[in-house]
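Visitor: Based on the sequences and whatever the hints tell you, model everything.
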Amino acid sequence: MTRQHTPEVVVTGLGATTPLGGTTADTWAAALAGTSGARTIDQPWVEQYELPITFAAQIAVDPADVLARPETKRMDKSAQYAMVAAREAWTDSGLPAPTSDDALDGDRVGVAVASGIGGITTILDGWDTLRERGARRMLPMTVPMLMPNSPAAYVELEFGARAGAHATVSACASGAEAIGYAVEMIRSGRADVVVAGGTEAPMHPFTLGAFAASRTLSLRNDSPETASRPYDIDRDGFVMGEGAAVVILESAEHAAARGARVYAKISGVGLSSDAYHMTSPDPEGRGQRAAMSRALDMAGATPADVVHINAHATSTSVGDLTETASIRTLLGSDADHVLLSATKSMTGHLLGGAGALETVFTVKAVADRLAPPTINVDNPDPQLQVPLVRNTPAALPVGDIVAINNSFGFGGHNVALTVTNA
Amino acid sequence: MAATTEEILAGLAEIVAEETGLPTENVAAEKSFTDGLDIDSLSMMTIVTHAEDKFDVRIPDDQVANLKTVGDAVSFIADAQA
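So the protein sequences, as listed, match chains G and B.
Numbering that gives the first Met the number 0 puts the first residue of the first sequence at 0, with every later residue one more than the last.
Numbering that gives the first Met the number 0 puts the first residue of the second sequence at 0, with every later residue one more than the last.
It is worth saying that the hints were derived from the structure and are not from the lab.
It cannot be assumed that every hint is accurate.
[To be verified] The calculated DSSO-like cross-link candidates involving lysine-lysine, where the alpha carbons are at most 30 angstroms apart (straight line), are:
1) G:72 / B:30
2) G:72 / B:53
3) B:67 / B:53
4) B:67 / B:30
5) B:30 / B:53
6) G:72 / B:67
[Claimed, not checked] DEER-style ranges, computed between Cβ atoms:
7) G:213 / B:27: 52 to 62 angstroms
8) B:29 / G:49: 49 to 59 angstroms
9) B:33 / G:133: 39 to 49 angstroms
10) G:126 / B:27: 36 to 46 angstroms
11) G:126 / B:65: 28 to 38 angstroms
12) G:255 / B:65: 18 to 28 angstroms
13) B:74 / G:277: 30 to 40 angstroms
14) B:65 / G:69: 40 to 50 angstroms
15) B:4 / G:214: 58 to 68 angstroms
These numbers were taken from a predicted model, which means no experiment stands behind them.
All C-beta atoms in this analysis are idealised placements derived from N, C-alpha and C, irrespective of residue type, glycine included.
Guide: Structure (structure tokens):
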């Protein structure tokens with residue numbers, strides 16, 4: 000059989016529900032304005048369980064305000080966020096409604112939506128019910144709500160997607176890995192359209208307590224808005240966030256045939272693993288460099304082409320610098336013309352949703368030629384080796400440009416995606 | 000104190016409405032759970048779990064298949080409370 004040419008993959012729809020806003024437009028506007036989504040948690044359990052961290056970047060718009068009431072009963076919050084973002088992205092793409100007469104052939108539509116943790120609140124609520132009231136009081140929907148593939152499955156059902164529905168789990172790289180997987184689904188010819196993204200709903204004392212126990216969270220309880228400060232000399236850990244982001248990916252031919260608006264191309268996907276340590280990045284950055292290098296190779300790009308990087312940069316002391324050292328080593332003097340953005344300074348860390356949200360930001364940056372700011376960098380770490388966009392957005396150059404979105408996860412998972420202008 | 004059949008129907012209608020999004024007035028005694036209200040087996044078990052809670056009765060799994068209509072469920076709950 001003759002292999003057809005490998006399709007280019009374009010982004011035609013964006014959706015997001017985040018600590019900065021209930022839509023992509025609201026989230027992007029708040030990011031360009033340098034807004035923090037972090038605030039004190041107004042829940043009795045903070046005091047009840049003596050949590051050492053009393054704040055987080057909490058969702059701006061409750062999905063209960065957007066979804067039908069039965070949907071909020073049948074889906075864990077992780078699936079609810081994904082559904083809100085997926086519906087926005089689908090509408091934004093201009094694709095026909097799945098129930099309409101001109102609906103797409105579902106055999107050519109796929110889904111890749113990941114969560115790092117899955118339905119943790121459903122698990123813990125079910126456990127509470129079991130212990131307090133016995134097994135007969137547990138709800139029948141507990142299993143389909145707690146599965147980490149539940150968000151992907153609900154999105155698959157929503158859009159009648161039969162080309163495959165996948166949930167790539169790689170901790171804080173999950174969302175980016177899902178988008179990378181979706182790119183491969185289109186490049187391999189399995190699908191024309193893929194709904195891809197990441198989601199996380201970790202707001203529960205258990206999750207906060209667990210991350211606090213790993214000593215990775217910022218303790219800046221008296222000033223939530225300034226706690227996430229990647230590359231600042233006084234950074235002390237990440238700020239837990241929640242939410243989802245979803246993109247509609249299409250083969251360039253499919254998008255062109257229907258006259259779709261194209262934001263940008265996902266031109267490269269680079270994956271690697273460190274095989275170094277469960278939670279610390281390889282200080283040599285070999286895996287991070289390999290991921291970026293593989294993505295650039297797939298994109299047919301060189302270091303000279305790279306103008307913008309949305310860093311993983313979670314605001315931890317070791318991780319932030321390992322990444323910029325990797326960038327400097329890989330790009331050499333070409334790192335001098337890269338504009339680096341650390342948007343977790345505003346959104347907090349969406350964990351399994353982070354890589355997807357930062358892909359949305361990178362796509363918007365390339366489409367609008369505007370790199371979003373990094374806030375709270377009062378005193379840049381002297382070891383920062385790449386020019387950082389601080390406080391206000393910075394213009395990206397005209398002409399053909401390449402941007403990279405980096406996402407790394409506990410376990411040594413590295414994902415780099417390259418975004419190229421349409 | 001046992002609820003009247005009207006109270007049971009109203010309470011059951013609230014549970015079904017919460018699970019399905021249907022208006023409570025659609026949940027009439029003669030309606031079939033599967034054909035009339037389009038309730039699948041997982042949703043039915045969710046409704047049963049909430050009904051057991053609300054009316055303080057036990058609805059054994061092997062009885063659920065016999066509850067074809069809303070009225071069947073109301074009668075079962077009324078008898079179980081008696």
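Visitor: Look at each hint and say if it fits the structure.
Guide: Hint check:
no., hint, verdict
1, G:72 / B:30, "23 angstroms, holds"
2, G:72 / B:53, "17 angstroms, holds"
3, B:67 / B:53, "20 angstroms, holds"
4, B:67 / B:30, "8 angstroms, holds"
5, B:30 / B:53, "21 angstroms, holds"
6, G:72 / B:67, "24 angstroms, holds"
7, G:213 / B:27: 52 to 62 angstroms, "54 angstroms, holds"
8, B:29 / G:49: 49 to 59 angstroms, "55 angstroms, holds"
9, B:33 / G:133: 39 to 49 angstroms, "28 angstroms, violated"
10, G:126 / B:27: 36 to 46 angstroms, "38 angstroms, holds"
11, G:126 / B:65: 28 to 38 angstroms, "32 angstroms, holds"
12, G:255 / B:65: 18 to 28 angstroms, "58 angstroms, violated"
13, B:74 / G:277: 30 to 40 angstroms, "58 angstroms, violated"
14, B:65 / G:69: 40 to 50 angstroms, "25 angstroms, violated"
15, B:4 / G:214: 58 to 68 angstroms, "60 angstroms, holds"
In summary, the structure is inconsistent with hints 9, 12, 13, 14 from the numbered list given earlier, while agreeing with the others.
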